[in-house]
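Go ahead and model the full structure; you've got the sequences and the hints to work with.
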Amino acid sequence: MSPRPGTKTPPRTPARVVAPPPPLELDPKVVRRARTLARRLGEPVVEMTRNRTTVSVERATLRLAGLAGADHERVPWVNHLVDAVRDQVGLEHGVTTPVWDALRREEAPDLLTLAQKASAGAVSFRIPDRRRELTAARRAARAAVRPGLRRIDRQRATRERLITRLGDPPQRPWVYLIVATGDIHEDIPQAQSAARAGADVIAVIRSTGQSLLDYVPEGATREGFAGTYATQENFRLMREALDEVSKELGRYVRLTNYASGLCMPEIATLAGLERLDMMLNDSMYGILFRDINPVRTFVDQRFSRQIHARAGIIINTGEDNYLTTADAVEAAHTVTVSQLMNEYFGTEAGLADWQLGLGHAFEIDPDLPDSFRMELAHALLARQLFPDAPLKWMPPTKHMTGDVFRGHLLDGFFNLAGVMTGQSILLVGMMTEAVVTPWLSDRDLALQNVRYVLGAAGGLTEDFRPPPDGFIQTRARQVLSEAVDLLETITRDRGAKGSGSIPLLEAIGDGTFGLMKRPADRGKGLDGVVVRADDYDNPAITMLEEGSR
Amino acid sequence: MSQPTVVRPYGDTTGDGMVQVSFTLPVPHDKRAEGAALQLAGKMGLAPALLVHARAVGPAHTFFIVYGSVSHLVDLAQVQVVERDHPLLTPKEVNAAIRERLRRPLVVVGACIGTDAHTVGIDAILNIKGFAGEKGLEYYSEVRVVNLGAQVLVPELVERAREEQADAVLVSQVVTQRDAHISNTTQMAAAFREAYPAGQVPLLVVGGPRFEEGSAGQLGVDRIFGRGTTPGEVASYLVHALVENGRSSA
Numbered sequence: 007m008s009p010r011p012g013t014k015t016p017p018r019t020p021a022r023v024v025a026p027p028p029p030l031e032l033d034p035k036v037v038r039r040a041r042t043l044a045r046r047l048g049e050p051v052v053e054m055t056r057n058r059t060t061v062s063v064e065r066a067t068l069r070l071a072g073l074a075g076a077d078h079e080r081v082p083w084v085n086h087l088v089d090a091v092r093d094q095v096g097l098e099h100g101v102t103t104p105v106w107d108a109l110r111r112e113e114a115p116d117l118l119t120l121a122q123k124a125s126a127g128a129v130s131f132r133i134p135d136r137r138r139e140l141t142a143a144r145r146a147a148r149a150a151v152r153p154g155l156r157r158i159d160r161q162r163a164t165r166e167r168l169i170t171r172l173g174d175p176p177q178r179p180w181v182y183l184i185v186a187t188g189d190i191h192e193d194i195p196q197a198q199s200a201a202r203a204g205a206d207v208i209a210v211i212r213s214t215g216q217s218l219l220d221y222v223p224e225g226a227t228r229e230g231f232a233g234t235y236a237t238q239e240n241f242r243l244m245r246e247a248l249d250e251v252s253k254e255l256g257r258y259v260r261l262t263n264y265a266s267g268l269c270m271p272e273i274a275t276l277a278g279l280e281r282l283d284m285m286l287n288d289s290m291y292g293i294l295f296r297d298i299n300p301v302r303t304f305v306d307q308r309f310s311r312q313i314h315a316r317a318g319i320i321i322n323t324g325e326d327n328y329l330t331t332a333d334a335v336e337a338a339h340t341v342t343v344s345q346l347m348n349e350y351f352g353t354e355a356g357l358a359d360w361q362l363g364l365g366h367a368f369e370i371d372p373d374l375p376d377s378f379r380m381e382l383a384h385a386l387l388a389r390q391l392f393p394d395a396p397l398k399w400m401p402p403t404k405h406m407t408g409d410v411f412r413g414h415l416l417d418g419f420f421n422l423a424g425v426m427t428g429q430s431i432l433l434v435g436m437m438t439e440a441v442v443t444p445w446l447s448d449r450d451l452a453l454q455n456v457r458y459v460l461g462a463a464g465g466l467t468e469d470f471r472p473p474p475d476g477f478i479q480t481r482a483r484q485v486l487s488e489a490v491d492l493l494e495t496i497t498r499d500r501g502a503k504g505s506g507s508i509p510l511l512e513a514i515g516d517g518t519f520g521l522m523k524r525p526a527d528r529g530k531g532l533d534g535v536v537v538r539a540d541d542y543d544n545p546a547i548t549m550l551e552e553g554s555r
Numbered sequence: 002m003s004q005p006t007v008v009r010p011y012g013d014t015t016g017d018g019m020v021q022v023s024f025t026l027p028v029p030h031d032k033r034a035e036g037a038a039l040q041l042a043g044k045m046g047l048a049p050a051l052l053v054h055a056r057a058v059g060p061a062h063t064f065f066i067v068y069g070s071v072s073h074l075v076d077l078a079q080v081q082v083v084e085r086d087h088p089l090l091t092p093k094e095v096n097a098a099i100r101e102r103l104r105r106p107l108v109v110v111g112a113c114i115g116t117d118a119h120t121v122g123i124d125a126i127l128n129i130k131g132f133a134g135e136k137g138l139e140y141y142s143e144v145r146v147v148n149l150g151a152q153v154l155v156p157e158l159v160e161r162a163r164e165e166q167a168d169a170v171l172v173s174q175v176v177t178q179r180d181a182h183i184s185n186t187t188q189m190a191a192a193f194r195e196a197y198p199a200g201q202v203p204l205l206v207v208g209g210p211r212f213e214e215g216s217a218g219q220l221g222v223d224r225i226f227g228r229g230t231t232p233g234e235v236a237s238y239l240v241h242a243l244v245e246n247g248r249s250s251a
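So the sequences go chain by chain: H and A.
Residue numbering for the first sequence is 7 to 555, as defined by our numbering.
Residue numbering for the second sequence is 2 to 251, as defined by our numbering.
The set of hints was computed from the structure by calculation and includes no laboratory data.
Just so you know, nobody snuck in bad clues.
Calculated pairs, BS3-like style, for lysine-lysine (alpha carbon to alpha carbon, straight line, at most 30 Å):
id: 1; chain 1: H; residue 1: Lys404; chain 2: H; residue 2: Lys523
id: 2; chain 1: A; residue 1: Lys93; chain 2: H; residue 2: Lys404
id: 3; chain 1: H; residue 1: Lys523; chain 2: A; residue 2: Lys93
id: 4; chain 1: A; residue 1: Lys44; chain 2: A; residue 2: Lys32
Per the computed footprint, the stretches of chain H lying under chain A, defined by three or more beta-carbons under 8 Å from a beta-carbon of chain A, are:
id: 5; stretch: 193-205
id: 6; stretch: 288-300
id: 7; stretch: 442-449
Virtual Cβ for every residue (Gly too), placed ideally from N, Cα, C.
Right under this line is the structure:
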């Protein structure tokens, strides 16, 4: 393996021979209890999502059938078609049955023309009442959606082939860098130069507010607020550029974007179609931090995770966000609870352990005594609870100030905690966090910081053994037991209300997480949720759940 | 001994004028690049300048750290400071002020009005996620936020403000055509004045990158915030205007 550009001599001990992270002596009974409680909380939520669909799930299904593009006002055709069907026959049967029934009745020669005509009110939809017609429409829908899933399968195979040919990063953690200019054509050279400078994963931050748009913008975009719009074309352009630089560097550079907000299922679908490699996808982030309706979020999330599972995409969850609002010591256990919930929901949707990039962050106030020791305890706890998950380790933000020198030191300690505890994906911290968007030199200094720590201490996991009943082991056990207590409180108090109650939704409504109260009957996107009828049909969900090709 | 009014930067000796700067030039790293860095340092007033570090950042850029004695003098007598007319408060102080003085939650209704669908501004101020490392007003335990979102009609905004007994109404205008942000704002202000008895209109605050900060009176609102305003600045202003000055009618 050739050394990274900018490294004159490769480290003597390659960082890839990293010993497993040091063990914590956790009581296996407590760990089992935590998972049992997470499942008990999650099951009623999954049950609820099985009985519902959303406008975005239906639009994602149409995207799998190849419907793309937008009208002259940039309203996507999938939005027009779903709205037209909803107006005439409702969405409770699924969008595909009335759409492919209309195509069979030759209301239009193809799907795109049908969407265009429907947007002008020139198509009449129905739910066929004859058994034979119904079956024929469903069969046609299934045949139309299948090529989309096949394309996702082919992209997954392409990724696997490229990784075999080019190789994975030579070290763990993978180095994760962010670009965000707002202009895809500026992002591309920045992403390529970040990869050349050592980034293994490139994340393109989205434009502020995209998560609240109930449609996916179209085409290559050159304007965004503090980020670049996630569009299918932007995904394609960036993946193509990274393929180019991957070949040049001899390692596969991964691409990350955000499947969150109101269009989670569609963004996940586009990511699968365009071979993105990781997606931010948290079970509760949109509810708590974007005030998106909880029911909408959980329904959208399940579909998006089924797609991610199929596409071989690694999800990144957003536990770091809890610690930017709540105190990182007092609320440490809420991170563990959220990781357990993300694990339950992710696994239920078909994600394998290697796809669960559970998050956590280095956000303890550096002025607290023993802050670094607590960081190590929290990071080791996550590592040990989820041994096969590619944990994502997030840098300090809350306690970064304009003192860039202190910030650089703090980032160094963050990097050290990451390598000492065997974290899998390391989001590179910038000393100018909270000052400016990173300059070229900030990124270079940050990568030097990471390289120094990886080279100097990458093998430290071998020597680092927190003593039994020492500070770190005790703190880790305390956080785990607080997490179990919280799970028990939610299950017991809310569960007491009898059957039909969904304790997790009630807890979210009461402000248990991140201090935000988000009742299930409020929040953005609620009007896009539809209770399924008995004859609901969605060929994408059926094929995703069957695992059929 | 009186304080000298003329000072120079302090490295390790009074009057040595030492400063440290770092910057990147878009040139490959070679002797010429280092000469270019020293030239810039000279033009910045560093004499003598000492180039202590130069490093290539990719093939076309070089990063420099320069130390040097700056020839400029600072005259303290000529320093002018524009003071904010109210203190910038932390969330804790905002909550405490509301709790102690108002003795009930402060109600804020927010919206994007007109055709503007860009909730970036209002969300940055209201959503807990916040902006520039500060949490939005939702994070403040003593502030009750009602965020109506985008494309809200003025009558609807007035109606909700009355229903919620709003102390303050926050309106954001980010992307508008042909100065629509001006007419939208004056219309909104007029509608509130019509709907409420005199002196009981909630505090009207607008924000957006295209407003001039000094034009509040002209537009009929109480305050205008420009680009880059943080939630903490808005919260501090609300406390100043509603709690300290006792403007609140309820």
